[in-house]
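There are 2 protein chains.
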Amino acid sequence: MQHEETAASCANEAVAALRAALGADIVSLPDEFGGRQFADWSGTPSTEPVALIRPRTTEEVATALRICHQFRQPVVTQGGMTGHAGGACVLGGEVALSVERMNGVVEIDPVSATLTVLAGTPLQVVQEAADHAGFMFALDLGARGSCTIGGNIATNAGGNRVIRYGMMRDQVLDVEAVLADGSVIGGQRKMIKNNTGYDLRNLLAGSEGTLAVITRAVLRLRAKPRAISTAWCGMPNYAAVTTLLGRAQERLPAGVSAFEVMWPSYCDFVRQRLPELRVPLASDHAFYVLLESCGADPERQSAAFEEFLADMLDAGVIADAAIAQSDADAAAFWAIRDAPAEYPRLIPGRISFDISFAVAQAGDAAQRCDERLRARWPQATILVYGHLGDGNLHVVVQEPGWTDDAIAEVKRVVYELTGEMGGSVSAEHGIGEEKLSVLGLSRSPAELAAMKAIKLALDPHNILNPGKVIAG
Amino acid sequence: MQHEETAASCANEAVAALRAALGADIVSLPDEFGGRQFADWSGTPSTEPVALIRPRTTEEVATALRICHQFRQPVVTQGGMTGHAGGACVLGGEVALSVERMNGVVEIDPVSATLTVLAGTPLQVVQEAADHAGFMFALDLGARGSCTIGGNIATNAGGNRVIRYGMMRDQVLDVEAVLADGSVIGGQRKMIKNNTGYDLRNLLAGSEGTLAVITRAVLRLRAKPRAISTAWCGMPNYAAVTTLLGRAQERLPAGVSAFEVMWPSYCDFVRQRLPELRVPLASDHAFYVLLESCGADPERQSAAFEEFLADMLDAGVIADAAIAQSDADAAAFWAIRDAPAEYPRLIPGRISFDISFAVAQAGDAAQRCDERLRARWPQATILVYGHLGDGNLHVVVQEPGWTDDAIAEVKRVVYELTGEMGGSVSAEHGIGEEKLSVLGLSRSPAELAAMKAIKLALDPHNILNPGKVIAG
Numbered sequence: 001m002q003h004e005e006t007a008a009s010c011a012n013e014a015v016a017a018l019r020a021a022l023g024a025d026i027v028s029l030p031d032e033f034g035g036r037q038f039a040d041w042s043g044t045p046s047t048e049p050v051a052l053i054r055p056r057t058t059e060e061v062a063t064a065l066r067i068c069h070q071f072r073q074p075v076v077t078q079g080g081m082t083g084h085a086g087g088a089c090v091l092g093g094e095v096a097l098s099v100e101r102m103n104g105v106v107e108i109d110p111v112s113a114t115l116t117v118l119a120g121t122p123l124q125v126v127q128e129a130a131d132h133a134g135f136m137f138a139l140d141l142g143a144r145g146s147c148t149i150g151g152n153i154a155t156n157a158g159g160n161r162v163i164r165y166g167m168m169r170d171q172v173l174d175v176e177a178v179l180a181d182g183s184v185i186g187g188q189r190k191m192i193k194n195n196t197g198y199d200l201r202n203l204l205a206g207s208e209g210t211l212a213v214i215t216r217a218v219l220r221l222r223a224k225p226r227a228i229s230t231a232w233c234g235m236p237n238y239a240a241v242t243t244l245l246g247r248a249q250e251r252l253p254a255g256v257s258a259f260e261v262m263w264p265s266y267c268d269f270v271r272q273r274l275p276e277l278r279v280p281l282a283s284d285h286a287f288y289v290l291l292e293s294c295g296a297d298p299e300r301q302s303a304a305f306e307e308f309l310a311d312m313l314d315a316g317v318i319a320d321a322a323i324a325q326s327d328a329d330a331a332a333f334w335a336i337r338d339a340p341a342e343y344p345r346l347i348p349g350r351i352s353f354d355i356s357f358a359v360a361q362a363g364d365a366a367q368r369c370d371e372r373l374r375a376r377w378p379q380a381t382i383l384v385y386g387h388l389g390d391g392n393l394h395v396v397v398q399e400p401g402w403t404d405d406a407i408a409e410v411k412r413v414v415y416e417l418t419g420e421m422g423g424s425v426s427a428e429h430g431i432g433e434e435k436l437s438v439l440g441l442s443r444s445p446a447e448l449a450a451m452k453a454i455k456l457a458l459d460p461h462n463i464l465n466p467g468k469v470i471a472g
Numbered sequence: 001m002q003h004e005e006t007a008a009s010c011a012n013e014a015v016a017a018l019r020a021a022l023g024a025d026i027v028s029l030p031d032e033f034g035g036r037q038f039a040d041w042s043g044t045p046s047t048e049p050v051a052l053i054r055p056r057t058t059e060e061v062a063t064a065l066r067i068c069h070q071f072r073q074p075v076v077t078q079g080g081m082t083g084h085a086g087g088a089c090v091l092g093g094e095v096a097l098s099v100e101r102m103n104g105v106v107e108i109d110p111v112s113a114t115l116t117v118l119a120g121t122p123l124q125v126v127q128e129a130a131d132h133a134g135f136m137f138a139l140d141l142g143a144r145g146s147c148t149i150g151g152n153i154a155t156n157a158g159g160n161r162v163i164r165y166g167m168m169r170d171q172v173l174d175v176e177a178v179l180a181d182g183s184v185i186g187g188q189r190k191m192i193k194n195n196t197g198y199d200l201r202n203l204l205a206g207s208e209g210t211l212a213v214i215t216r217a218v219l220r221l222r223a224k225p226r227a228i229s230t231a232w233c234g235m236p237n238y239a240a241v242t243t244l245l246g247r248a249q250e251r252l253p254a255g256v257s258a259f260e261v262m263w264p265s266y267c268d269f270v271r272q273r274l275p276e277l278r279v280p281l282a283s284d285h286a287f288y289v290l291l292e293s294c295g296a297d298p299e300r301q302s303a304a305f306e307e308f309l310a311d312m313l314d315a316g317v318i319a320d321a322a323i324a325q326s327d328a329d330a331a332a333f334w335a336i337r338d339a340p341a342e343y344p345r346l347i348p349g350r351i352s353f354d355i356s357f358a359v360a361q362a363g364d365a366a367q368r369c370d371e372r373l374r375a376r377w378p379q380a381t382i383l384v385y386g387h388l389g390d391g392n393l394h395v396v397v398q399e400p401g402w403t404d405d406a407i408a409e410v411k412r413v414v415y416e417l418t419g420e421m422g423g424s425v426s427a428e429h430g431i432g433e434e435k436l437s438v439l440g441l442s443r444s445p446a447e448l449a450a451m452k453a454i455k456l457a458l459d460p461h462n463i464l465n466p467g468k469v470i471a472g
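Chains as they are written, first to last, in full-length UniProt numbering: chain D, 1 to 472; chain H, 1 to 472.
It is possible that part of the hints are untrue.
To be verified - Heads up, simulated DSS-like pairs for lysine-lysine below, C-alpha to C-alpha not over 27 Å straight-line:
#: 1; chain 1: D; residue 1: LYS452; chain 2: H; residue 2: LYS452
#: 2; chain 1: H; residue 1: LYS411; chain 2: H; residue 2: LYS452
#: 3; chain 1: H; residue 1: LYS411; chain 2: D; residue 2: LYS224
#: 4; chain 1: D; residue 1: LYS411; chain 2: D; residue 2: LYS452
Claimed, not checked - To list a few chain H residues with every Cβ distance to chain D over 12 Å, as calculated:
#: 5; residue: LEU22
#: 6; residue: ASP25
#: 7; residue: LEU29
#: 8; residue: TRP41
#: 9; residue: ASN103
#: 10; residue: HIS132
#: 11; residue: PRO236
#: 12; residue: SER265
#: 13; residue: HIS285
#: 14; residue: ALA321
#: 15; residue: ALA360
#: 16; residue: ARG374
What the hints assert, rightly or not - The following residues of chain H were derived to be distant from chain D, with all beta-carbon distances above 12 Å:
#: 17; residue: GLU13
#: 18; residue: ARG101
#: 19; residue: SER112
#: 20; residue: ASP268
#: 21; residue: GLY316
#: 22; residue: ASP354
#: 23; residue: PRO378
#: 24; residue: THR381
#: 25; residue: ASP405
If you are wondering where the hints come from, they were derived from the structure by calculation, not from laboratory data.
Here a beta-carbon is modelled for each residue, glycine too, at the ideal position from N, C-alpha and C.
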């Protein structure tokens, strides 16, 4: 009780100093929050912060952190609040720093193919600005309208095009960020090659608000694809799936831009629960692959794509295939892969996993996972699908009426298997608060110690997003 | 004097402990070095180490570092000794740890498209193993026969194909490394997506032996190109050069795998000093571009490449062009770009710069650099060329009989200009010892402080490659 009072008065002192330095417009207090929500999409419990800071400039962020550093006041940075791991949730006692007012594209440099943007800008705004300038911004994910560039960098977001363009870190040339003590690094450089010491940009990408507040970034733009070829393939077995992946990378002139694999249970689920969607192939197959190739030359690409699929059919790699003849066809194929948007309605209370393995092991991992879960919960809904070109599996498990204990047990089964098989407990969603307890299944004690040493070096008072990524 | 004696005896105590723990086969003393050289390709003065450690296993590296950590004994890690920045030179008092015995490909996983390799393996061995397995390893540079994978990672090596495949860090899925205290991290993971906390792999890539000794890596393999299209283009002005780059990225079906730009002085130099090389176009142009596109579909790619160049000629973007009709033609084009291999013979005592800028600014930077140097040294040989698709310029300056003062002054002129224009003082060669004094032109005091904090967090006694990258 004594301790809580001390903490509260300390927080108040910090808040008072923040409000004095930055004003009431930037620093608001709980009675001024007006019903604002502070939770993200993960379902992680989130409380109210002791204050909300909404700076307009990097200098204001620096002032805020300097004061928080001085008063040992914890800070959680918030962007679009679309995270899946609770990284932006308020655990208790933090001030929330929202980058919502740092919103806008600063500059597009078409010759250097770069876009400079403030951290609070939604991903979709960046995509549209790039498109308007004749380029493509390569990151794409379902939350595009809400998620922010700062959050995309802080979580090193993934999405559908990683196989071709990489994760968010691969779209970033420089990051401007405010460190815990208020010092400002980076943010103006447009160079692709820059070997001048440690790569702070890649250290911040994926650090989930624990090392700095990202305020601005220089992003890399890509040539806009002028031709998109899409096919829906029925596959006889997992070996055929990986063979198709390898051959497609070797033979498709424009490479592979998406390689989405769905296990039969996933397609059965779509057929039964979303009958308005048309599953392209009538017959049943052991696996389904959505193959996409994005390139520059519509006619030649289309001919090469059809030739490739015909060869794969002849060779028995593919059992059956449908090639999209129109944008509407392609959209219909993607609608099946995008069915997870309907999960909240169709399978409430589901448990979702975002894990990854070596491509060679992902099929085995999925099978073992299914077997172990089935052995315990024969009636459960178990859906497996993913960006297999990157080794990334999404596993969704649900049984109506499950208790908290059962949920914990499902997680234990899946994460332990992931650890056993040398996989990653978080392929693209990050660690946040939610996966902190299983991080040790994918990272060794020496790695966790190194991460903690870096954290303490850059944030000695542990004010930045405590309780996330780094164990206390 | 007293201090030096203490240091010497301390070193001896460490060496004695190393020898006791690892044996004389692994730890050799100066009188056993047998004339071995300890300098790299940079020309940075290098002395003899107090001992040479040649471990065979990661465990032996760990034992060595544990002892060095305990005795505060500095360590310089050595690979192929082909660095350009003095990062592997012995400054005085260090033990040298050579990874030469940790040599070999451990595993190729063709389904996951990965290759696991020990750090001391030469790059060329990896390239050949990948090729033999039906893949390509994407990093390539002139020193391929001598440089090692560990050194490639430690320096984040660049080379000719960065525009398509990225730097060395983009070829690495996981790194096994021994930290200063002897703890071992990473080295087994084959996942492309893995968002489990801080990206230690990217932190080690480019850290030049100051954070860890790299012992093993999991590398990413790429599909082997089945068709290579190459052209030599004469360009009317710099705007046309950047226009060609943008259009090629947008329109070539297989994208751009090399975009090498040469300024006229460079081609004149080749014509005059290497008359055995055939410069493809007879007429003079403001710039020359070597354009390459690597893809999967020989016939269609070749047709599309020719069509693209014809369009660029029609549009006046290109003034004149020669398309390679054979491998011999392509080799002849590349021979001009590879003329720097003849520098030691043709322009001894030259000063070489490896700098980068935003693509939009690189032309202006080169011109200003030339003007400032010419104003002071009208007779100097000044050659400019580079991987312009990445903003990377190589500038070579020479005048016979220059004094040390003149050399220092030339460096000042070029690096100050680089700093003024927000460029990088080291695009691909790293900092080592040689560029430490100019690092502050490309990195802010806050960034240097953050780098130093990370260094001290992971290597509190500063035993790993002291005097390199991080100012003392």
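Hints versus structure:
Restraint check: the Cα-Cα separation between D:LYS452 and H:LYS452 comes to about 16 Å, which is no more than 27 Å; the hinted pair holds. Between H:LYS411 and H:LYS452 the CA atoms are separated by roughly 25 Å; this keeps the pair inside 27 Å, and the hint holds. Annotation: proposed proximity of H:LYS411 to D:LYS224 is violated, straight-line Cα distance about 40 Å (limit 27 Å). Restraint check for D:LYS411 and D:LYS452: satisfied, since their Cα atoms lie roughly 25 Å apart, inside the 27 Å limit.
For H:LEU22, the shortest C-beta to C-beta distance to chain D comes to about 21 Å, beyond the 12 Å cut-off, and the non-interface label holds. Look at H:ASP25: its CB is around 27 Å from the nearest CB on chain D, clear of 12 Å, so calling it non-interface holds up. The beta carbon of H:LEU29 sits about 31 Å from the closest Cβ of chain D, which is more than 12 Å, so the claim that it is off the interface holds. Residue placement check: H:TRP41 keeps its beta carbon more than 12 Å from all beta carbons of chain D (closest about 16 Å).
Separation of H:ASN103 from chain D is adequate, the least Cβ-Cβ distance of about 24 Å exceeding the 12 Å criterion. Its beta-carbon lying about 15 Å from the closest one in chain D, H:HIS132 satisfies the requirement of being farther than 12 Å from that chain. Look at H:PRO236: its CB is around 16 Å from the nearest CB on chain D, clear of 12 Å, so calling it non-interface holds up. At roughly 23 Å from the closest C-beta of chain D, the C-beta of H:SER265 stays outside 12 Å, upholding its exclusion from the interface.
Consistency note on H:HIS285: stated as away from chain D, and its beta-carbon is indeed over 12 Å from all of that chain's, at 20 Å minimum. The claim that H:ALA321 lies off the interface holds: its Cβ sits roughly 19 Å from the closest Cβ of chain D, which is beyond the 12 Å cut-off. Annotated as non-interface, H:ALA360 brings its C-beta within 12 Å of a C-beta of chain D; the closest such distance is 4 Å. Every C-beta of chain D lies more than 12 Å from that of H:ARG374, the closest at about 25 Å, which supports listing it as non-interface.
In this structure H:GLU13 is separated from chain D by more than 12 Å, as the shortest Cβ-Cβ distance comes to about 27 Å. H:ARG101, annotated as away from the interface, keeps every beta carbon of chain D farther than 12 Å; the closest lies near 23 Å. A cut-off of 12 Å between C-beta atoms contradicts the statement that H:SER112 is not in contact with chain D; the least separation is 4 Å. Once the 12 Å rule is applied to beta carbons, H:ASP268 is consistent with being away from chain D; the minimum gap is 26 Å.
Under the 12 Å C-beta cut-off, the non-interface status given to H:GLY316 relative to chain D holds; the minimum distance is some 18 Å. For H:ASP354, the requirement that its beta carbon stay farther than 12 Å from each beta carbon of chain D is not met, with the minimum near 8 Å. Against chain D, the non-interface label of H:PRO378 holds: every CB pair exceeds 12 Å, the least being about 31 Å. Once the 12 Å rule is applied to beta carbons, H:THR381 is consistent with being away from chain D; the minimum gap is 25 Å.
Every CB of chain D lies more than 12 Å from the CB of H:ASP405, the least distance being 26 Å, so the non-interface label holds.
Hint compliance for this structure: hints 3, 15, 19, 22 are not met, and every other hint is.
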